[in-house]
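Protein chains in written order, with numbering that gives the first Met the number 0: chain X, 0 to 269; chain Z, 0 to 269.
Rather than coming from a laboratory, the hints here were simulated on the basis of the structure.
Accuracy of the hints is not assured; some may be wrong.
Put simply, identical chains are the same to the list, so a pair is met inside one copy or across any two.
Stated by the list, open to error - Using 20 Å as the maximum straight-line C-alpha spacing, the simulated SDA-like pairs for lysine to any residue come out as follows:
hint	residue 1	residue 2
1	101	84
2	101	206
3	101	212
4	101	208
5	181	112
6	49	254
7	101	81
8	101	87
2 protein chains.
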Amino acid sequence: MAALSSQHPFDADTAVEPLGDGTFAATISGRWNRLAGGPNGGYLVAVCLKALSEVVPHGDPMVLSAFFLRPGQEGAAQVQTELARAGRRTSTAEARLVQDGKERVRVVATFGRLAHMSGRTAVFNDPPSLPAPEQSIDPLAGAPIAGVTLADRVEFRVAEPPGWLHGEPTGRPEGNTWARLKGDRDADLFALPLLVDAAAPAVLELGVGRSVTLELTVHLRDHPSPGWLACRIVTRHVFNGLYDEDFEIWDSRRRLVAQSRQLGMLLEPS
Amino acid sequence: MAALSSQHPFDADTAVEPLGDGTFAATISGRWNRLAGGPNGGYLVAVCLKALSEVVPHGDPMVLSAFFLRPGQEGAAQVQTELARAGRRTSTAEARLVQDGKERVRVVATFGRLAHMSGRTAVFNDPPSLPAPEQSIDPLAGAPIAGVTLADRVEFRVAEPPGWLHGEPTGRPEGNTWARLKGDRDADLFALPLLVDAAAPAVLELGVGRSVTLELTVHLRDHPSPGWLACRIVTRHVFNGLYDEDFEIWDSRRRLVAQSRQLGMLLEPS
Chain X
0 MAALSSQHPF DADTAVEPLG DGTFAATISG RWNRLAGGPN GGYLVAVCLK ALSEVVPHGD
60 PMVLSAFFLR PGQEGAAQVQ TELARAGRRT STAEARLVQD GKERVRVVAT FGRLAHMSGR
120 TAVFNDPPSL PAPEQSIDPL AGAPIAGVTL ADRVEFRVAE PPGWLHGEPT GRPEGNTWAR
180 LKGDRDADLF ALPLLVDAAA PAVLELGVGR SVTLELTVHL RDHPSPGWLA CRIVTRHVFN
240 GLYDEDFEIW DSRRRLVAQS RQLGMLLEPS
Chain Z
0 MAALSSQHPF DADTAVEPLG DGTFAATISG RWNRLAGGPN GGYLVAVCLK ALSEVVPHGD
60 PMVLSAFFLR PGQEGAAQVQ TELARAGRRT STAEARLVQD GKERVRVVAT FGRLAHMSGR
120 TAVFNDPPSL PAPEQSIDPL AGAPIAGVTL ADRVEFRVAE PPGWLHGEPT GRPEGNTWAR
180 LKGDRDADLF ALPLLVDAAA PAVLELGVGR SVTLELTVHL RDHPSPGWLA CRIVTRHVFN
240 GLYDEDFEIW DSRRRLVAQS RQLGMLLEPS
C-alpha cells in the first residue's frame with residue numbers, strides 16, 4: 000500500500016491491502032480535499048471501488064450508489080466488503096468505509112465486463128458544447144482556493160470563469176467544463192466517480208453556501224478514451240434546501256462514459 | 000400482516016411484521032406483476048421501505064437506491080434491516096429482501112422529515128405537458144396484457160396510445176403520462192417508488208424485447224398532493240444493450256415530488 004514514487008497520486012491514494020475476511024486497509028490522503036474541507040466524496044468512493052474490485056469476479060464497475068453517512072478524514076481507514084451476488088454477466092457487492100470505528104461511506108456497486116455487453120445502441124443526447132481545451136481557460140488560474148488540494152489533482156478548462164468564483168453568481172446552476180486528472184494519467188472507470196464529484200457544486204451559482212451530499216449514483220457506460228473529458232453539470236430542482244445535481248462525462252469519441260446524479264442538502268438556509 | 004378486507008391492496012401487500020433482530024416477514028403478492036412477469040421491482044422496493052420505516056427514527060424516505068439481484072416471486076419473504084446511522088436530521092438504513100434463502104433486492108435509503116427541511120427553493124424545469132386527465136385516454140383500454148396484474152392496480156392516462164403497444168414503436172424512447180393508484184388511495188412517499196417503476200419501459204419505443212433493471216435510484220422530494228400525478232419518462236443513452244431511464248413525477252401543485260433513474264439491460268440483442 001506504500002505509495003511508490005513512480006505511482007500516480009490517484010493510484011497511490013486509492014490502493015487497498017487485504018486484511019482477510021473481505022476487509023481492506025486503506026489510507027485516506029489529504030491530497031483530494033474538497034471545497035467544503037476534508038476528502039472529496041468521489042475520492043472515498045474510488046477507494047471503495049478498488050476494494051470491491053478485489054472481491055467480485057467482474058472487472059468493470061457499471062453502476063454504484065454511495066451514501067455519505069459522515070465526513071471522511073485524512074488517515075487510516077478500513078473498507079469492509081461483502082459479495083452480494085456473483086452472476087454470469089454481473090456481480091454486486093457492498094463496501095463500508097470505516098474510520099475510527101465509524102462508518103463514513105456505504106457503497107453498493109454492480110460490476111460486469113463492458114466489452115462483453117452487446118445489443119442496441121441509440122443515443123438521444125449530445126456532448127456539451129465547449130471550445131477546444133487549448134482555447135478554454137483554467138477557471139482557477141489566479142484564483143487558487145486555500146486547502147482545496149483536489150484542485151492540484153484534477154484540471155478543468157471552461158469557456159468562461161464561473162460567476163460564483165468572482166462573487167457574481169449567475170443564478171443558473173449549470174455549466175460545461177473539460178476535466179482530466181493532472182499528471183499524465185488518463186481517467187479510467189475507477190477515476191470517473193471521482194471526476195463526477197470533483198467540480199464545484201452547480202448550486203454555487205445560486206449564491207448559496209456550503210452543502211453536503213446525501214447520496215450519489217454513478218452509471219459507468221464505457222471505458223473512457225484518453226485525454227480531456229467533456230462534462231455537463233446541471234441542477235434542476237432546489238426545494239427547501241435539497242437539490243439534485245446531474246453530471247455527464249463524454250470522451251473524445253463523443254461517447255457518454257459516465258452519468259451521475261446526487262441529492263445534496265444546503266447547510267445554511269438562505 | 001393479514002390483509003384486512005378494508006385495506007387498500009397497496010397497504011395490504013406492503014405490510015410487514017417484525018420477527019425480531021431487525022427482520023420482518025412480508026408476503027409478496029401476485030397483484031403487482033409487471034410486463035416482464037413476476038412482481039414489479041418498485042413494489043418490492045416499497046415493501047423494503049415499509050420495513051425500513053420501522054427501524055429509522057425519521058418518517059419520510061428521501062432517497063433510496065435499489066439493486067435488483069434476482070427476480071422476486073409471489074409468496075413469503077423476509078426483509079432483513081440494519082440501521083447504518085441515525086442522525087439529527089437524517090438516518091440511513093439498509094434492507095435485504097430474501098426469498099427461499101436468496102437475496103432478491105437490496106435497498107439503502109436515507110430518511111428524514113421533509114416538513115422540517117428549510118432553505119432555498121429554485122426550480123429549472125416544468126411539469127410534463129399533458130391534456131387534462133379527463134381529456135386523456137387509458138392506454139390499456141381495449142388492449143389488456145395477460146398477466147400484468149400491475150395494470151389492475153395503477154391507472155394511466157395519456158394523450159396518445161404508445162406506438163409499441165400497437166406494433167408501431169415510435170423510435171423515440173420517451174413519453175408523458177398521468178398516473179395514480181386505482182381504488183381511492185392517493186399515492187404517498189411509499190407509493191411513489193412503485194409508480195416510478197410501474198410504467199412500461201420507454202425503450203419499448205425502440206422495438207426492443209425484454210429488459211431487466213440493474214439499479215434504481217429514487218429521490219423523494221415532497222409529499223404528493225392527492226389525485227392524478229403527471230409523469231415524464233425518458234431514455235437518453237442506449238449503449239450496447241444498457242440504457243438509462245429517467246422518470247419524474249409532478250403533483251397537482253406543479254411540484255416535482257419524485258425523480259428516479261434506473262440502469263437497465265436489454266435481454267435480447269437486437
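Find the hints from earlier in the document that the structure breaks and name them by number, from lowest to highest. Per hint list: 2, 4, 5, 6 violated.
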